[in-house]
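Put the two chains together into one complex; each comes in its own frame, and the hints tell you how they fit.
Line order of the protein sequences matches chains Z and H. According to this note's numbering, the first sequence holds residues 1 to 174 in order. According to this note's numbering, the second sequence holds residues 175 to 274 in order.
Careful, some of the hints might be misleading.
Simulated crosslink set (BS3-like; lysine-lysine; CA at most 25 Å straight-line) [what the hints assert, rightly or not]:
(1) Z:Lys6 x H:Lys217
(2) H:Lys207 x H:Lys232
(3) Z:Lys70 x H:Lys260
(4) H:Lys260 x H:Lys236
(5) H:Lys232 x Z:Lys13
(6) Z:Lys91 x H:Lys232
(7) H:Lys260 x Z:Lys151
Hint data in this document are derived by calculation from the structure and do not stem from the laboratory. All figures in this text were calculated on a predicted structure; none of them were measured in a lab.
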Amino acid sequence: MQHLYKLGDNGAKFGGEAAFKYILNELVDNIYEHSKFTEAFVMAQTYPKIKFIEICFFDNGITIPGSFNKTGKRVDDTTAIAEAINGESTKPGTERGYGLGSSIQLATKGLNGQVLIVSAGAAIQFNECQTPTVFDLTEQKRLNGTLVSVKIPFTDEQVDIYPYVEGRPSKVLK
Amino acid sequence: MKEISITRVVSIDLALRNTANAFFNELERYKEKNITVNFKGVKSISRSFAHQYLENKKNSEKIISETNIPDNVEKMFQVVENPTRKYQLVDLQTVCIQTL
Numbered sequence: 001m002q003h004l005y006k007l008g009d010n011g012a013k014f015g016g017e018a019a020f021k022y023i024l025n026e027l028v029d030n031i032y033e034h035s036k037f038t039e040a041f042v043m044a045q046t047y048p049k050i051k052f053i054e055i056c057f058f059d060n061g062i063t064i065p066g067s068f069n070k071t072g073k074r075v076d077d078t079t080a081i082a083e084a085i086n087g088e089s090t091k092p093g094t095e096r097g098y099g100l101g102s103s104i105q106l107a108t109k110g111l112n113g114q115v116l117i118v119s120a121g122a123a124i125q126f127n128e129c130q131t132p133t134v135f136d137l138t139e140q141k142r143l144n145g146t147l148v149s150v151k152i153p154f155t156d157e158q159v160d161i162y163p164y165v166e167g168r169p170s171k172v173l174k
Numbered sequence: 175m176k177e178i179s180i181t182r183v184v185s186i187d188l189a190l191r192n193t194a195n196a197f198f199n200e201l202e203r204y205k206e207k208n209i210t211v212n213f214k215g216v217k218s219i220s221r222s223f224a225h226q227y228l229e230n231k232k233n234s235e236k237i238i239s240e241t242n243i244p245d246n247v248e249k250m251f252q253v254v255e256n257p258t259r260k261y262q263l264v265d266l267q268t269v270c271i272q273t274l
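With the rest of the complex left out, here is chain H (with noise of 0.2 Å):
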């Protein structure tokens, strides 16, 4: 079993997909089966991590588990797990079109 501490590797702003990405990479280098990512001290995670996290999680051969998810992680992944519907913020089939 080995523990990494996400912040370390990566930052305490969890942003990018392709940091995500990253992080996986490093994290299959380790030759122990089992890992715990542990999340103290993480201060924000975009949907974009989150989504990219739990896909290389997916993934991954190695039994990967969380320990210290900090509320706003938890909520995050949450959401990511339980999709609903997208906004349908424009329907260019009622809005006027103008030319610049």
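Chain Z with its partners taken away, still in its complex shape (with noise of 0.2 Å):
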């Protein structure tokens, strides 16, 4: 993780240390408690002219709708990415599930960014104003496991990440 960070520069063009942190640690964190992985990468690159940087997250697992078969619950694949962004998880206990919600959250109103995620059969994109796009994907596209991209713009404002993480909407501001 701390190569990771060097490599944002501890998030200082991205929204600040703690809310380029806090995304990185959750979407990383989701990998290892979920995925039940093989190989897993964690991709970044900036883009200077334009301003932005993407971090790709991916990891050859079970994929989120596999995560829920898993556990018995069968639902189709769109509706399985669906949940975990809504904070359903796929282990016990009802104070887990924030990580992604607050993660897109985050990176969408708080940094004004995008991101989208791939597992599986489906995908669901969320641009800056946090809609959704949901996409079914054919056989040929399907993803043998999960991809989630977060593209931030370049910023020097230090964002307060707690109204995001907290899980409360009314208290976000932007």
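What follows is the structure, encoded as structure tokens:
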């Protein structure tokens, strides 16, 4: 993780240290917690001319729908991803399931970024207005794993992460 | 009473649930019943780490207390201890699903 933080200069241009690390930490933790991967990658590229960074998290694990199926919850791929985003955890405990949704909220509303999640046969994309676009993928485009891409425009602003982390949209001022 | 620096055992950045578990496995090995975790120098904490830390603390037979908790860590513990409703970011009833 320290290597990732350094690559992003501790979030100096991406909403500050707390925001940058929060997104990295929660999305990497999800891979360890849920995916049962054998290979996983975090890739990042900055685009200085158009002033944004794209960070991509990929694992070749059981996918989000596969994780739901494993717990006996049989839903279609689109529903599984939507439920994971909305906070349904495949692990017991009501205090779990905040990581993905709060990271999307922080990246889009907090940092004016975009998020794309692709897992098995479905994908959901959020723009900076947080409007979701939902895709059913044909068999040829199906992904054997999960990919989360986060695009964040450069900003010198230090974003307060707590309104987004708390999970109460009414407290978010933007 | 034993005092442990969490930055020495884990990191200045407290990120993953499994590192919180590993930290508590380390604590359980000490013979002392009372353990103080010193948070001096912690730069960041994820919600997941904070939750896992508090869960492990609740389930531990040790008496665990904290010292030198930075404001950001304290805030995250409060967020975890006072959970609010989760964001409902996707309502499949109202979105149009496209086939790619």
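Status of each hint after checking the structure:
1. Z:Lys6 x H:Lys217: Between Lys6 of chain Z and Lys217 of chain H the Cα gap is close to 14 Å, so the pair holds against 25 Å.
2. H:Lys207 x H:Lys232: The given pair, whose Cα atoms are some 14 Å apart, holds under the 25 Å limit.
3. Z:Lys70 x H:Lys260: holds (23 Å)
4. H:Lys260 x H:Lys236: violated (32 Å)
5. H:Lys232 x Z:Lys13: violated (38 Å)
6. Z:Lys91 x H:Lys232: Holds, at roughly 18 Å.
7. H:Lys260 x Z:Lys151: holds (23 Å)
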